[in-house]
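Whole structure, please, built from the sequences with the hints as guidance.
Listed in order, the protein sequences are those of chains A and B.
Each residue of the first sequence is one higher than the one before, starting from 1 at the first, in the working numbering.
Each residue of the second sequence is one higher than the one before, starting from 1001 at the first, in the working numbering.
Derived from the structure by calculation, the hints contain no laboratory data.
Worth double-checking, as some hints may not be accurate.
As the list claims (entries may be wrong) - With the Cβ distance kept under 10 angstroms, some of the chain B side facing chain A (calculated, not the full set):
(1) Ala1013
(2) Thr1017
(3) Glu1059
(4) Ala1063
(5) Ser1066
(6) Trp1070
(7) Val1079
(8) Leu1088
(9) Leu1157
Stated by the list, open to error - Label pairs and their calculated CB-CB ranges:
(10) B:Arg1055 - A:Glu10: 43 to 53 angstroms
(11) A:Arg250 - B:Asp1030: 32 to 42 angstroms
(12) A:Ala224 - B:Asp1234: 48 to 58 angstroms
(13) A:Pro126 - B:Thr1053: 42 to 52 angstroms
(14) A:Pro126 - B:Glu1119: 55 to 65 angstroms
(15) A:Ser241 - B:Arg1268: 36 to 46 angstroms
(16) B:Leu1317 - A:Ser322: 51 to 61 angstroms
Predicted model, so just to flag it, every value in this text is computed and none were measured.
In this text, a Cβ means the ideal position worked out from N, Cα and C, and glycines have one as well.
In case you want the letters, here they are:
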Amino acid sequence: MALPAGSLLELTPQGLYCPAAGAWIDPQQPVPRALITHAHADHARPGCGEYWAIGASETILRQRLGATINLIPVDYGALHRIGDARVSFHSAGHVLGSAQIRLEAGGESWLVSGDYKRCADPSCTPFAPVTADVFITEATFGLPIYRWQSGATVAGEILSWWQAAPERPSLLFAYAFGKAQRLLAELAAIGVAEEVLLHGAVEALMPAYREAGVVLPPTRAVSALAKGESLAGRLVIAPPSAHRSVWMKRFKQPQTAFVSGWMAVRGARRRRGYERGFVLSDHADWPGLIRSVKQSGARQVYVTHGNSDGLARYLREVEGLSAAPLAGQGGP
Amino acid sequence: MRRFAALYSALDASSGTTAKVGALAAYFDDTDAADAAWALHVLLGKQGKRLITGRRLREICLADSSLPEWLFDDCYAQVGDSAETIALLWRQLQPEAPAAPGGRDGHGNGERQETLAAEPLHRWLEELLPAAAALEGEAQAEAVRELWLGLSANELLVANKLLTGGLRVGVGPGLVLRALAQLSGLETALLQHRLMGGFSPSPQAYRHLLAPANQTEAVPSRPYPFFLASPLEDLPPGAAEDWLAEWKFDGIRGQLIRRAGQAFLWSRGEELINGAFPELIAAAACLPEGTVLDGEVLVWPQGSDRPAPFGQLQRRLGRKAPGRALLAACPAAFVAYDLLEWQGDDWRQRPLRQRRAALESLISELQQATPTPAAGLLRLSPRLPLTAWDQLEPLRQQAAAAAAEGLMLKDLDSPYRAGRRRGAWWKHKRDPYTLDAVLLYAQAGSGRRANLFTDYSFGLWDGDGRLVTFAKAYSGLDDGEITALDRWIRQHTTERFGPVRAVEPLQVFELAFEGLQQSPRHKSGLAVRFPRIRRWRHDKPAQEADTLATALALLERGPC
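Given below as structure tokens:
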């Protein structure tokens, strides 16, 4: 459904718009002023006049959108006056530099979650609960079948999977920005100090994380290996797009696994053709979504991305909240 | 049970057959006969009986929870498997336990409670699961929750699948037997033979299966493993005269055994079907002692020169004791095409030439010596004239007129082998019937197709310009097309009926099918056999799709 007329935020063809601030949040098309929740490609797009984003995401945003973009770096929790609105960015715990954005004007406050998670993640700051009158939450994993284990538990599983195959390369597929670095940080946190090999797309993101002081094991690009160097027993992290690509041919008889929240469901893993699936997500699981909605204290909740219909209905019928799906925000 | 669950996930995680056989062999090597017997039973897909319905498990899972039924349905749509949905939700509904840091057990339940998972598989299957199934109401719920207590996600899934009797592991009997052959040093054909006629999951039966080769005692009812044909791709090697051409009949494969003064009829699914076909059992009494025939069970009206369509045979299948009226309306016949045992000797290693000659004289002597109506039910599969390869195609074209699905080609010098082995037996089907139909409804698939719209219903135009549903099809599109169609369906849904979506009637598909029959049970009045998608007709507008009248014309063109 659309937002009520005259609200603090409205839906425009470019995306969520705040007339008081004259700004769009994660616009899908070029606009004069964009407030960016995080640097993933479906949230940060090129061509905008002015970008507001967390300082920790600056390196990656410039890398992805162009070095010369007009970027205003902000800190978590700091209050800014943009137009007639008061705007603040709060940690979302999704990836390095990710934020929830809170807007306030005319005596009303709205909180846009962006993507977020509630589990601890050694590669970024934790989710900071914030209250607002209206909360717009994501619902990527908005079904009760999704409930995450701690990153340390999954890192332990990955470590035993890797160590059980000393004669084969172990190829771990994970999103290049965020998930891959979290994996490395989780492995470092359980004591892995061995060098991990990276696909070029993953390697490109490493400087930003090292700059931010995230504790990581040593890494090297696969392309930097000497010709004929043995790959047996090595752990390699690559983006899913490299699965079954020409790039993968150099690995003889690899064991493969995909790291994603979707791997919680057996059919999803089999459909993608991976041998193993490790369940690790940078989005909130079902209990995390419910908890965040409650903590926001919002009198009205809008749900976007993923199972927005289902989560909204659950919030209404079981939790007794005023909730509705928000159309036109990339959901199905 | 924990070890069996681990085998299940190892098989699930390996893609190569070598790895799967290795995992199976390692499991059986390290498992006592009582558990191995049950594991084999389950792996062979013989755990037929459902102990508890998926619906009941779901009820037990959701009881005392705040999760509404509709949300369970949404979860099921995402997962595509009810045992797995319940396994995932049950974990969700348990109070959060502190995660064990760096834990290797991988399921984050912290301190593992001592659970029934440690109990051996045979105890689960012989005792725990049937005991829970026998209870009712709250007592049953309590028993099931006790089974679930402290199980990991994977163990929960396996436990639920054992309860609902739907455990599919993704390894066929062939791979299981290969692992056992590797372990025992016996040939897979011998294992296959010993398994024919059923396997009861007892330690004795398991030890007997793997006993050294000379210790097998004869069992009169035991059939031979069937030899299966492969689809013909190129012309077979050698001269056409060295090949036997026969019709490929559209019935069910059968093995008729006459031993120890008794008769047995087995289906290819290794089921004894004596009860369903009493007239064939009576006819087998005319056969000499120690005879085993391979052939086709068909419905063949008296005086007709061709068998009845498959639908007639279907009325006879699954009947334990058919009534007199049905026996008269759908009389069965056994069309013999091979002789596997003669005078008590196993003839399978002899060349087909010799087996066929003996079969021909057996049947003709039978018709002359005992010209009873009973003996007349044992027919010989006619040898079709084939002396040069250019006669093959014209022969195939006649298949529809003979009410056959196509041709069989068999190497006259080949032995009778076991299972589907390429090279000696080929099936050469006639071209399927085809119609262009319009996509009307779609439903999400299950398993690896969960959450993708892959089950489609198609319609044809009737005389009044309306589309009438006439067939469902699930296969024929490649992964790319499935994904594209899935997206299209989501964007062009006009109505939802639970899991089913009605779509705008715009997309045309060429459907292929093997047969067409009148059926009062279908809206269109037609039932199709083996419908599948042959092509996505992007080039064809819906208005140009075929009509029911075209389909009826196919029906009249000849029996099919």
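| task | Taking the numbered hints from earlier one at a time, note which ones the structure violates and give those numbers from smallest to largest. | result | Per hint list: 2, 3, 4 and 14 violated.
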